[in-house]
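Below, each chain spelled out in residue letters.
2 protein chains.
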Amino acid sequence: MAQAVRHDAMRARNLSLVLREVRTHGSLTRASLAEVTGLTKTTVSKLVGDLLDAGLVVETGAVRAGERGRPGVEVRVSGDRVAALGLELNVDYLAVRVVDLARRVRLRLTQTVDNRLSEPLDVIGDLRRLALSALAQAEGTGLRVVGAGLAVPGPVDVESGEIHSAPNLGWRNVPVGAALDLGVPIRVENEANLAALGELWFGVGRADFLYVSGEIGIGAGLVVNGALFRGARGFAGELGHVVVTPEGPQCRCGARGCLEQYAGQDAFFDAVGDRSPYAHGIDAIVAQLEHGDAATLAACDKAGWALGVALSSAINLVDPHTIVLGGIYAPLFPWIGGVVAETMGGRLAQLRAQAPPVEVSQLGSEAAALGAAGQVLETVVADPAALSERLTDRRDPAPR
Amino acid sequence: MAQAVRHDAMRARNLSLVLREVRTHGSLTRASLAEVTGLTKTTVSKLVGDLLDAGLVVETGAVRAGERGRPGVEVRVSGDRVAALGLELNVDYLAVRVVDLARRVRLRLTQTVDNRLSEPLDVIGDLRRLALSALAQAEGTGLRVVGAGLAVPGPVDVESGEIHSAPNLGWRNVPVGAALDLGVPIRVENEANLAALGELWFGVGRADFLYVSGEIGIGAGLVVNGALFRGARGFAGELGHVVVTPEGPQCRCGARGCLEQYAGQDAFFDAVGDRSPYAHGIDAIVAQLEHGDAATLAACDKAGWALGVALSSAINLVDPHTIVLGGIYAPLFPWIGGVVAETMGGRLAQLRAQAPPVEVSQLGSEAAALGAAGQVLETVVADPAALSERLTDRRDPAPR
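If you're matching them up, the sequences are chains A and B in order. Heads up: take any position in the first sequence, counting from 1, add 121, and you land on the working numbering. Heads up: take any position in the second sequence, counting from 1, add 121, and you land on the working numbering.
The hints are simulated quantities; they were obtained by calculation from the structure and are not laboratory data. Among the hints, erroneous ones may be present.
Since the list gives no way to pick out one identical chain from another, each pair is judged satisfied if it fits inside one copy or across any two copies.
Claimed, not checked - No more than 25 Å apart at the CA atoms, straight line, and that leaves these computed lysine to any residue pairs for SDA-like:
1. K162 x M131
2. K162 x G263
3. K162 x A152
4. K162 x A419
5. K423 x R377
6. K162 x A130
7. K423 x Q371
8. K423 x P452
9. K423 x G375
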């Protein structure tokens with residue numbers, strides 16, 4: 122019995138190894154897979170057969186002459202069967218993305234809202250409707266949605282799916298994962314963390330960076346060697362509450378002088394003199410900047426300076442390779458990137474040869490929902506055996 | 122040939138595995154080692170034989186009846202053969218420690234100095250004399266010193282052993298590892314990083330904490346799952362240059378309002394009105410505090426407040442499980458710990474259920490030198506095979 126368990130564990134590990142190598146290389150023959158994994162060709166053929174049966178890989182049709190032996194058919198990750206739902210519940214929008222195992226985005230639904238000081242159940246109900254609609258559409262095209270990831274603007278207990286506190290929603294201790302009830306497993310996570318992972322898997326493609334999420338709140342996600350750094354209790358990355366000036370303006374978190382009060386979306390729009398960005402949108406702000414509007418340019422300088430101050434603290438503490446600015450900082454980058462880099466550089470010049478480069482996010486506000494979906498897909502790649510068991514065991518394939 | 126290399130690599134890995142398990146459990150029989158490692162008893166016996174030959178483990182003499190089969194002799198890590206040198210070059214002292222593989226401190230040499238704005242070669246010469254004396258004494262007792270670790274107060278290029286910048290010494294780009302020239306491999310590292318590792322291996326024994334090193338400079342070492350977090354370029358943990366007030370007093374690093382200007386040893390002694398701490402020592406300060414001296418108590422409050430502000434930024438960013446205050450903060454802890462915890466707690470209260478606990482270092486200013494030695498011992502445990510080859514190959518056993 123112990124032997125059988127061991128065999129299953131080894132098979133599970135090898136299935137994951139093979140799937141991972143196929144993804145890394147784009148496509149591979151069974152012979153090449155045997156070479157890169159160190160497994161025998163017989164074992165690889167069996168494992169590839171299982172992955173084909175589960176719909177996780179597909180033969181490309183391309184035939185390549187191997188270095189030894191007869192030509193082989195290549196396999197690649199299949200985007201036709203397994204998919205994941207990426208959800209974001211934020212202060213001013215709800216977003217749903219369906220992403221397949223080949224990391225193609227198959228469906229995008231976004232709804233503009235104002236969730237400030239909202240009733241959690243109302244907002245969760247809105248998101249649920251959007252998510253169920255996406256689920257139905259995805260399953261209608263033959264995709265099997267195996268799980269959902271949900272990005273929320275605040276620290277989360279990942280185990281229980283409970284939001285600990287989301288000051289900008291006015292929520293505390295909301296069990297959002299359980300309340301959403303989509304009929305598929307849901308993993309809830311802080312939006313900045315997921316945006317960082319989105320950037321890792323769908324955007325800049327670097328393996329070491331600090332992603333800065335400029336939304337109503339400001340979060341950060343630290344990616345180290347291709348993995349998210351979560352901290353001891355999962356609360357790492359609260360860049361928005363890093364001190365800019367200890368006796369500065371009162372923050373919604375209860376402290377004073379937090380970065381969010383200088384460079385958060387609300388503070389920024391206040392400085393611009395525009396309190397209705399949800400009507401005008403960031404595009405209007407960008408247009409003002411393009412026309413050289415002095416107040417808007419000054420608001421960028423102020424926000425950029427504060428961001429540079431807080432990032433210099435972050436760089437001193439965690440030494441990220443690169444800074445990636447996302448959220449509203451992505452469209453504002455041409456006007457804000459320079460002052461951020463200058464402020465950082467000025468503070469850091471003597472301690473290190475050079476400050477980390479400041480780059481713009483490739484995904485903007487889509488990053489978190491993509492990261493949420495990507496995280497579900499990672500669990501599939503980490504343990505394809507568990508998924509094929511689930512697909513086989515499940516008697517009721519349709520989501521409730 | 123490829124097969125032979127594989128066999129050597131497997132043996133090396135298994136030697137490390139066995140040595141690690143022996144250390145973790147304190148002592149184990151060969152039969153128990155076979156159980157915990159999953160290796161066969163024959164393999165374990167061969168590996169234990171090799172470790173005995175290399176002097177890395179020793180039989181305890183204790184005989185324990187196994188669950189199955191005949192009673193076995195237990196082995197434990199041997200402290201009698203292999204040792205490491207831990208060095209610290211700091212602004213106001215030089216320290217040398219000899220630590221054996223069983224993590225016992227065998228020799229302590231400390232020299233009080235004033236290295237501010239010093240000539241690197243003079244200071245390195247002083248440290249070299251101290252280290253050679255320790256080496257000779259250690260080898261005289263039959264220990265083989267297999268390497269040295271050196272802690273320095275500033276960011277380091279670990280690869281080259283070069284100090285990038287040590288503002289409080291007035292040094293830039295000093296290849297201290299090469300200059301020290303002790304006849305054993307030397308690994309140079311930031312003192313706060315090594316103090317954190319010292320605390321991990323010789324002190325509090327936790328696996329997740331942020332160690333704060335209060336010296337002339339203030340550094341921090343983040344330990345995550347029992348490993349040091351170094352950052353992308355190895356410069357993580359520069360807590361002393363986290364912003365307290367962006368336009369505050371000028372710091373030696375070139376920026377303004379860094380934590381060091383509020384809570385570093387010099388700033389603290391300035392606030393106390395005592396510029397000769399090297400004459401009077403921290404003990405005099407502690408005596409003043411015990412007598413309720415108002416200026417000294419006020420200096421503790423100011424330093425503790427600034428430390429609490431900077432730590433709240435650090436906690437928001439990296440979410441450590443526990444804060445461990447070391448260096449001068451260890452003797453000052455009864456007067457500084459409370460205000461640090463209060464300031465942190467006040468800023469963090471609404472974002473998380475509770476702020477991380479603040480604890481006092483178990484090692485004080487000895488932490489970095491112990492961590493430096495401990496890091497060398499870790500390389501032995503990680504690859505005992507490499508060491509036994511080196512011991513065999515080396516024609517000239519005495520250090521130059």
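Cross-check of the supplied hints:
no.: 1; hint: K162 x M131; verdict: both (16 Å within a copy, 22 Å between copies)
no.: 2; hint: K162 x G263; verdict: neither (32 Å within a copy, 53 Å between copies)
no.: 3; hint: K162 x A152; verdict: within (6 Å within a copy, 36 Å between copies)
no.: 4; hint: K162 x A419; verdict: neither (64 Å within a copy, 73 Å between copies)
no.: 5; hint: K423 x R377; verdict: both (17 Å within a copy, 18 Å between copies)
no.: 6; hint: K162 x A130; verdict: both (19 Å within a copy, 23 Å between copies)
no.: 7; hint: K423 x Q371; verdict: both (17 Å within a copy, 22 Å between copies)
no.: 8; hint: K423 x P452; verdict: within (16 Å within a copy, 41 Å between copies)
no.: 9; hint: K423 x G375; verdict: both (22 Å within a copy, 21 Å between copies)
In this structure, the hints that do not hold are numbers 2 and 4, in rising order.
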